[in-house]
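Chains as they are written, first to last, in my numbering: chain A, 32 to 1113; chain B, 189 to 383.
Keep in mind that the hints were calculated from the coordinates and are not lab data.
Glycine included, C-beta positions come from ideal geometry on N, C-alpha and C.
One or more hints might be untrue.
To give a feel for the contact side, a few chain B residues facing chain A, derived at Cβ under 7 Å [stated by the list, open to error]:
| id | residue |
| --- | --- |
| 1 | R201 |
| 2 | A222 |
| 3 | V227 |
| 4 | Y229 |
| 5 | D256 |
| 6 | S269 |
| 7 | N293 |
| 8 | G295 |
| 9 | W300 |
| 10 | R305 |
| 11 | S315 |
| 12 | N319 |
| 13 | C351 |
| 14 | H382 |
Counterexamples of contact, computed for chain A against chain B with all Cβ distances above 12 Å [as the list claims (entries may be wrong)]:
| id | residue |
| --- | --- |
| 15 | E140 |
| 16 | I234 |
| 17 | G248 |
| 18 | N249 |
| 19 | G629 |
| 20 | S954 |
| 21 | V1012 |
| 22 | D1030 |
| 23 | V1103 |
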Amino acid sequence: MLLREIQDRTIMDNKEIKTKENIIQSTSVDFKDNSPEAEKDINYWQSFRDLYNDPDFINEKRKEFAPGALDRPDENSISKLSRRKFLALLSASAAVAASGCSNFREKGEFIPYNKKPEEVTLGNPTYYASTCTGCSSACGILIKTMEGRPIKVDGNPDHPVSKGKVCAIAQASVMSLYDPERLKNPVERVNKTSPKEVSWAEIDDKIIGEIKKAASGNKEIAIVTHTINSPSRKKLLDEFKTTYPSAKVYSYELFNESARNSAWEKCYGSKVYPLIKWNDAKVILSLESDFLGTEGNKVETSRLYTENRDAFNGKEFNRLYAVEGNTTVTGMNADYRMILRTDAIEEFVMCLLNEFVSKQRVSAFASDSGISSKLSGNNLGAFAEKNNLSKQVIDHLVSDLKKNMGSSYISAGSMLPESTHIAVNLLNEVLGNTKLYVTNVSNVELIPLSTKAELESLVSGIRSGNTSVVIHFDSNPVYHLPTDSGYAEAIKNVPLVITITESENESAEVSNYVLPVNSMFESWGDFQTRNNFASLQQPVIAPLYNTRQKEEILLTWIKGTKDAFNNDIYHQYVMDNWKGTVLSKFTSEADFKKAWYGGLNDGVVSVSPVSAAGETSAVTFKPESFTTNNSKLTQSSDYVVILTKSSSLGDGRYANNGWLQELPKSVSRVAWDNFAAISVQTSKALDLKQDDIIKITTSGGSLDIPVFVQPGIAEGVVAVELGYGRSVCGIVGKDVGFNGNKLMTQNPALSSWMYNDAKISKTGDAYEIVTTQDHYAFDEPLYKDIQYRREIIQEGTYLGWKENSNFLEDRHTKYSEEEKAKLKVGSINKQYEHTGLKWGMVIDLNKCIGCNECVAACSVENNIPVVGKEQTKNHRAMQWMRIDRYYSGTPEAPKASFQPMLCQHCDFAPCENVCPVAATTHSADGINGMAYNRCVGTRYCSNNCPYKVRRFNYFNFRDHFREGIQQEESFSLMANPEVTVRSRGVMEKCTFCLQRIMDERQMAIQENRLPKGSNVKTACQEACNTNAISFGDQNDKSDNFYKLNNSSLGYSVLEEIKVKPNITYLAKLRNVYEMEKEEGHH
Amino acid sequence: MKNFLLDYNLKVRIPILVFVVLTVFVITYYASYAERQGVGYMPPQPIAYSHKLHAGDLKIDCRYCHSDVEKSRQANIPSASVCMNCHTQARTDRPEIIKLTEYYNKGIPIEWKRVHRVPDFAYFNHSVHVNKGIDCSNCHGNVAEMEVVEQVKDFSMRACLDCHRNPQQTIKNISVGKEDLKINTGPTNCSACHR
């Protein structure tokens, strides 16, 4: 306590420092304070409550714990004796009775293997290369297994696309594997209602008979599936069609690139949009394109993009402009962000084209009268004025694009209609950006997705009675297809509906048979997404339940007899297929085996690129595609509804995964729900506040959904994330959020994800949305004055930094010499000399895009429980890591800064001084440890933590969430055995992945050397797509980490309080010409 | 109640009672300490395997069966297949070996009774200790002379710390071939074992 007082006094003594004149005078930053509240430096705020100095919020910040955190549990809900609780009590009493009689010295049994697999070393992990099937990107993964249990998924470094990184969905996929609500046995639903479990043999018999009957009667057998990116699966489906000629395959994706691809085909004649050299782009203009968040293969794109966001790798920074209506992760990372209604974007592109083609006469298209006549009437200046775009930024954009012809790229969002994509293709062509298209490698589309007409014919076939069998091949069209497609209604009349799925869903509900399938950890498979390599998937655990691989099921039906099945059948099939294709050059059996096992070991096999049919290497733009392009997109007077992908739930397949549901969205920080994001202006106009339910009506349908007032969204734009509102799902995901698919229509005027004819109205109801944006806000009442310049986020401009690399240091000129001397007052604690190894972390805020992947990885690695929406609301979420998102600027047009916040492992950790039982202590290598078995739960440490990174187990959350589903036996297999599973009443926090440090120590001792910092990778670091996190030994001067840790951009958060954190943040550099003048808020 | 009786109770009976209770408690506490720590625990095993015969008389290295002890946190209990390396040939007529063969052939894992155990919240690492030259016998006693394995040492945190603080005094046996490794004091910070 004494330490605190002295520190406080130091700060209090400096009270006079704060005068308006000398507030911030750093070299490149110039802010003016013109409103009384704008005393906070650079005016950072996390939520409206923060911005408007809500007295409740200020009060909350000053309290030891947020009010919700101290709420007593609802006793009614606790005393209710659920079935699980009753059984638990029953077994507990039996256990107590039994233990009374047993030997107290009894220590249980060791159960070793009978025959130990050669590759397993007990206690050490075994890694297997495989492929993720979470989405159609098919990233390479390395699965970490402990004694045969998959416990963690990370990227496969050998994979040419994902290069050792994966997204949050793959990180959290182990939870889907062990989900106790997975289907365990095949189910027959007699008359599509009363379900009963039956055997596979019985089902195979019945279904094969039905299929044969349908085929001979020439009735259609429809297989409805997602993207087919597996060559063997494609072959399988082809064989199915050969065996049963009346079979047809339909494939759909809720989110797809149809507009982009069809525009490309019109412009260039070839089918597939090329890959982009993002790492060569000096200027990027994103038009409603969330390439860092949800579009395309974001694992690859974000890595390539941040290659040019590293201050120390010798490359120049790129400059990202974003013009968007929604607030995407990409937009929030942009250097210049302009807010524009989504349906005005096409006009903006036309204005840009007019500017370059007609005015500046760039490229040969300038003399094409067909093009220039189409462009006339689009004046950039007038457009900017009309839409309130900053003229200065527009000027910068135009001159940057002109200056960087051939090395800039304009990316149009997938939701924009084809006409916009055609215009953007032309713009890229005009600017010579075709140089950034990758020519030697391209995406592969094994079977194109079904067109709208094909999907319509599916439904009409069902209606006319021509289709007698529908097989949902691991797909959920009842939920995904638009209501007006009539699919959900029509399917009820099909005599035989078979749903092949991992867990219950809306389509299973209307089926005659529900067949459970293996998860991706239990399956064989092969994938091809690019033309230069193929990847393999291998099972790492035997099926947990009575399930079969989905391909095995079809294969058995193709063979036409239930006896054809064995659990190696698809493995053989894939191998045989590879014998003839990928590995055809290995003719002898021995060579093939070698190559096959090599492929399984690496996870990927490179193949010589074959250009897809109809593709020529030199593509030429067809100007007629543009001149005949009938634009439908003009700004309407209604609202624009845009439907976006959820970065964690995908298309809703992972709704039952608690880790993903609890991951806050990057920008809004909302967990456990989706919402309609509206602008501040709209909220004022319609008198809406957060949680009010509105009715949205589009041409597709209507939906009641609560609103969230999102700073930075364009006026008139309403953004809704899809993938929520699953009505048939497990206990975790059922009825979480609202089903935005209801707003979609089969025949959209613009595109499936964008409707500019929407009406919204207030319903008067309310629904509570939980956002973590102002959870754990920093405020120490005693540092009242210092907080105005606490500089949690520090930033400058790239150009300013190049001029003066010490600008961060120089910012201290705001202190006078005398004040500096005061700040130098040391601690009363004796400084411990960390001479040997000392762990530290560097987080580069230039590369952090706020994607949350580290949070997901941390939860998996450290056995962090899911707490649910209620407890999240009460500030009790257990994630050890959070990404703080700070806005700065006005609520209408804020800028955002992301900052991962985790235990800082302070040298003078304030938490350690106050623990009455010494449960949290320091080690010689600089780690602030937690001994859970010693903790008695006083929560003093949490109270004294200036960074608010300690998490308290208010409950045994595993028991406290959704009837204790996390206590189910299958989930106990998921736990990382190297990390204690904490229970009620103990404090916990980031340990710097101590278990991984200990592994390195073990290796070092085995090899008789000293532990080396660069050998340890923390879970968050391993997961970080953009390599923003580095970890290592602060005293190892030979390591690259040392340079980063001591670089000119490094600073620590709340430096003034002198707790000496061991996490260094690298200040964010915005690549802007000059910092915009702070406008001050209202 | 008479004054005298109250006085007598307060001054004589209660102190004597307290004294007796305390003495009994203290004596029992210390007398049973070792037993409560598991010292002397010698459970019967499903197969009467003799360490004395294998490790003592036949001088088989511990690491032949506990093969992961140098590589991993855990010193593994050998799988039945390791036993069968020899016992497909050796002594196949003995009743215990017949039992073993039956386990092996049926693919049933043998449920060995656990003798030593540190609590789940302590992460003891075998490989770290063994690779530093600390012989197994320092903690496990002279297993090579045990017909049935029993716990001979205290496995409490106190025992761990005694050794970590004064390894020079407490570590009696150094593994053969590792004599020239320097014995340092072990880490005594909490996070060395608790995470």
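Hints versus structure:
For R201/B, the interface hint is violated, the least distance from its beta-carbon to any beta-carbon of chain A being 34 Å, above 7 Å. A least Cβ separation of about 11 Å between A222/B and chain A goes past the 7 Å threshold, and the interface hint is therefore violated. This hint is violated: V227/B has a C-beta 10 Å from the nearest C-beta of chain A, more than the 7 Å allowed. Hint status for Y229/B relative to chain A: holds, with the closest Cβ pair at about 5 Å, below 7 Å.
A cut of 7 Å between beta carbons decides the hint on D256/B: the least distance to chain A is about 5 Å, and the hint holds. Annotation: interface hint on S269/B holds; nearest CB of chain A at approximately 4 Å, less than 7 Å. Evaluation of the N293/B hint against chain A yields a violated restraint, the C-beta minimum of about 10 Å exceeding 7 Å. At its closest, the beta carbon of G295/B sits 5 Å from a beta carbon of chain A; the interface hint therefore holds under the 7 Å criterion.
The interface hint given for W300/B is met, as the beta carbon of that residue sits about 4 Å from the closest beta carbon of chain A, less than 7 Å. Taken as an interface hint, R305/B checks out: its beta carbon lies about 4 Å from the nearest beta carbon of chain A, inside 7 Å. For S315/B, the interface hint holds, since its Cβ comes within 7 Å of a Cβ in chain A; the closest pair sits about 5 Å apart. With its C-beta approaching chain A no nearer than about 5 Å, N319/B sits inside the 7 Å limit, and its interface hint holds.
At its closest, the beta carbon of C351/B sits 16 Å from a beta carbon of chain A; the interface hint therefore is violated under the 7 Å criterion. Nearest Cβ of chain A to the Cβ of H382/B: about 4 Å, under the 7 Å cut. The hint holds. Interface exclusion of E140/A from chain B breaks down, the closest Cβ pair being 4 Å apart, not more than 12 Å. Residue-level check passed: I234/A sits 29 Å from the nearest beta carbon of chain B, beyond 12 Å.
Residue placement check: G248/A keeps its beta carbon more than 12 Å from all beta carbons of chain B (closest about 48 Å). No beta-carbon of chain B is positioned within 12 Å of the beta-carbon of N249/A; the least distance is around 50 Å. At the 12 Å boundary, the C-beta of G629/A stays outside the reach of chain B, the nearest C-beta of that chain being 25 Å off. Under the 12 Å C-beta cut-off, the non-interface status given to S954/A relative to chain B is violated; the minimum distance is some 4 Å.
Distance check on V1012/A: its Cβ comes as close as 9 Å (rounded) to a Cβ of chain B, failing to clear the 12 Å threshold; non-interface status is violated. The Cβ of D1030/A sits about 9 Å from the closest Cβ of chain B, inside the 12 Å cut-off, so the non-interface label is violated. At roughly 43 Å from the closest C-beta of chain B, the C-beta of V1103/A stays outside 12 Å, upholding its exclusion from the interface.
Hint compliance for this structure: hints 1, 2, 3, 7, 13, 15, 20, 21, 22 are not met, and every other hint is.
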